[in-house]
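*Asks:* Dock chain B against chain A, hints included.
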Amino acid sequence: MNKQSLQKSAGSGLVFGIIVIFLALIGFTVVFSGLIQKVLGQSLGVGQIPSISNFFIFLGFLGIWNGWRASRQDKHETLTLAKVLMRAAVAGLSAGVLVMLYGFVVGGLDARGTDMRKYLSMLSSDSIKFFLFNQSLVLGGLIHVGFSTLMALVGGLLAFGSERSQQQVRTNRTKIQKWSQSTWLGKVQGNPYVTYVLMGIVLLLLVLLPRTWGAYWNYVMGTVGIYVLLGLGLNIIVGLSGQLVLGYVAFFAIGAYTFALTTSPEPHNLVWNFWIALAVSVVAAALSGILIGLPILRLRGDYLAIVTLGFGEIIRILLKSDILKDFTMGPRGVRNIAGPTLFGRSFTSDVDFMYLIILAVLLSIFLAKRWQESSIGRAWLAISQDETVAQATGVDTQKYKLLALSLGAAFAGLGGALFASRNQFTGPEDHALMVSINVLVLVIVGGMGSIPGVVLGAFTLKGLPEILRELESYRLLVFGALLVVMMIIRPEGLWPARRPKLEVPVGQDNEPVPLPATAGGEK
Amino acid sequence: MEALRKKIPLTLPQNTVKIIRIIAALLLLALVIVRAIDVAAESQFGADTWLRLSVSGLIIGGMYALIAIGYTLVYGILFMINFAHGEVMMIGTFGGYFVFEAFNAIQVTAADGSQMSFLNANPVIAVFLAFLAGMTIAALSGYFLEKIAYRPLRGAPRLVPLISAIGASIFLQNAGQLLFGPQRRQYINPVVLDRGIGWHVELAGSTVVLTYTGIFSLVLSAILMVGLYVLVQRTKLGRAMRAVAQDKKTAALMGINVDQIISRTFVISGALAGAAGVMWGIHNGLFNYFVGFLPGIKAFTAAVLGGIGNIPGAMLGGMFLGIVESLGPAVLGIDFQLKDVIAFSILILVLIFRPSGILGEALSEEKV
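Line by line, the protein sequences give chains A and B. Numbering-wise (our numbering), the first sequence opens with residue 517 and increments by one. Numbering-wise (our numbering), the second sequence opens with residue 1476 and increments by one.
There could be a bad hint or two in this list.
As the list claims (entries may be wrong) - Rough simulated footprint, nothing fancy, chain A against chain B, three-plus residues with beta-carbon under 8 Å:
1. 1633-1641
2. 1644-1652
3. 1809-1819
4. 1826-1833
Said to hold, decoys possible - Under the rule of at most 30 Å between Cα atoms (straight-line distance), these lysine-lysine pairs were calculated in the DSSO-like manner:
5. B/K1814 x A/K519
6. B/K1493 x A/K915
7. A/K841 x B/K1814
8. B/K1622 x A/K524
9. B/K1724 x B/K1711
What the hints contain is simulated information worked out from the structure, not anything from laboratory work. A virtual CB, placed ideally from N, CA and C, is assigned to each residue, including glycine.
If we strip away everything but chain A, and leave its shape as in the complex, we get:
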């Protein structure tokens, strides 16, 4: 029994060791240590190796987590101090030894003068020395072992302490809940005026901020806004009606190119009014949604995903190829796309554009919310839960699926048109598969079917990497890992959709209380 749990700790330690090695191999250790250094307020030049102390902080976090995980193997057992320390020590030691061995290998190769960057692009000599704390091979390895064990022990102690205080936390939580319900906080939460005031504050911020925070932030937040639009659209398709569409970028491209071709002087010399072109692109995208949707609607799940992915790729390849060169300028892309104008005045500054995006986002949120709460939304919900049952209960599944696809596509068209207009350029590489993946990730991470989730997802997945520029190259890696992890531990997303439910009185053992017999059949 005891031996088994120690084996388990050693295994979990080895997993952590592998994680540390992997992070070192992809150069994440250096980048993240640099980020810590910046957060702590010290400057760091581009390409400069951060100081070692930040690496210790980074390793410390991982080590504590390692010990924490290793010492809490079974939810139901009561932990004793000796048990916890043993497990944490084993986990820390095994992780440390594995990392030390890795350090020996790369450090030894580096000392012999082998340039490993030919094969492993991130392993520069500097980063290897950094990994060994600028010490000699043996000393660096031993520091790894010692530090990892130490931190794992700390993590184990923390786990032990939290176990002890958990009871306390639980009572406190109920106390807080009671307090918030009984005092003004609870009353405030239920009060509609508070919502109005909050909305007013948000609106005021939305009006004021674009004027004050400068061009860079307007650019970043504009991108976030466009991704909110895309997310709202895909949320209708994936989150509400439950059709996994991987070629969402096709609609984005159709919107962007329709707008570009109707407003740019080249290649067709159609210089339409901004608003007309915008409306036309939205309609074109919606129509393309119907056209693409019609033949593939009877497919489900994974088949639909791969077919739509095919559509997205076909559109990109066609845009890039020479066939449509006269029509869409081929790989060069369309330039000099018009900006917004109103009554003959042009509104192309970054502030104006930010306002335009904010307006579009607010309008879209409003529309999406209304649709979601209407009978259409309920039909979508039914389809996403079980299509056969939905059909049997009288939902016209074909119609509603098509509707979802075309409405979602319309949002994408709007986003694409705004995107093209803001950049004054659009080319085939703006419409790669990665756009679809980004939008899908933000919808899923935010919470499928949840509008606040979409906004939150767009901020975290599009805004955060813009702020943390260093992590840009790791963005997609993290996305991928995030998708897997989210599906395993929290498939409903960060901000799950709250669906209005009919309250069923719940008795003991979570069994619904049988309704009184008079409620039903006697009449």
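*Replies:* The following block gives chain B in isolation, referenced to the frame of chain A:
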């Protein structure tokens, strides 16, 4: 009964839809044939070009078939698309590449006393070990992929493992990019398997070179496919796999360890994808972290084309797709850039007109 019928609103008269679909399919077919005859009348290409294109189509088709088998095996058991399968192939490509690089660096003294690299001194051993390494590491990554990304999701709604698979695919692709860099790398082949040399076939006044790498790949993929067929049809493991694919619960009641069989299925499909990856490297030479993406999707197309869940179907579909993709642009007289469009169009058309594929039973709608 009649009253009930009237009450349930039938959304679409199924027969009409079917007829419309058949008419559309026939029209499309007629269009393609007319176009092909048109182009053939111009006779842009000689017989040598046709031979070259069909052989290269067969070679690529063999690799598609190997990858497609992986999709089909997994789909047959778990009813999910292993989206990260192309990335497993990418890992295999890197595995073989490193073995070749290592052997190229080792200098040995040959029998006649000259210095040469181990790669050229013992090409058979080197190639064997490269395949072994590529297949092993791909099989391992398949195993861990299943264990980390799919096993915790057993029994979840269908969308959930699919999203997890997409995540795993993005993760592996970007991990490959960060680890090995974005640049393209070149396989160093042993001299006997150089990409330039091969049999020279005289045809219509010009020579066509059938490269040894291509022939080697084709033969090896045929051997592997036969091996897999024997494994699935004749061994105990194969029987267990078929049992699990048919009915997991009953198979468990018969004493089959379902989780273990699923793991082994991933190992087998990973090994085949790894072999395809090493072949890809040996035959095409250039590759980078993105190498698995397009073959992955196309192999999926091949699996669907042959009827997903059906192993001979996947082999047939792979070969067919390879040839169509290679000959298609020439037959239809369109730009060779649009090769990928043909593959995707076939995928879409097959799913619209015959989702069950050439040899398969209908799965896309009924089985949930």
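*Asks:* With a Cβ-Cβ cutoff of 8 Å, does the region 1826-1833 of chain B contain at least three residues near chain A?
*Replies:* holds (count 3)
*Asks:* At a Cβ distance under 8 Å, does chain A reach at least three residues of the region 1633-1641 of chain B?
*Replies:* Contact hint for the region 1633-1641 of chain B vs chain A: holds, 8 residues under 8 Å.
*Asks:* Taking only the CA atoms, is the gap from B/K1493 to A/K915 under or equal to 30 Å?
*Replies:* Given that 30 Å is the threshold and the Cα spacing comes to 18 Å, the pair holds.
*Asks:* Do at least three Cβ atoms from the region 1809-1819 of chain B come closer than 8 Å to Cβ atoms of chain A?
*Replies:* holds (count 7)
*Asks:* Confirm or reject the coverage of the region 1644-1652 of chain B by chain A under the rule of 3 or more residues with a beta carbon closer than 8 Å to the chain's beta carbons.
*Replies:* holds (count 7)
*Asks:* Given the hinted pair A/K841 and B/K1814, is their alpha-carbon gap at most 30 Å?
*Replies:* holds, 17 Å
*Asks:* Does the structure keep B/K1724 and B/K1711 at a Cα separation of 30 Å or less?
*Replies:* holds, 18 Å
*Asks:* Do the alpha carbons of B/K1622 and A/K524 lie within 30 Å of each other, as the hint requires?
*Replies:* holds, 16 Å
*Asks:* Hinted pair, alpha-carbon criterion (30 Å max): B/K1814, A/K519. Please report holds or violated.
*Replies:* Distance ~59 Å between B/K1814 and A/K519 Cα, so the pair is violated.
Checked against the numbered hints above, the structure violates only hint 5.
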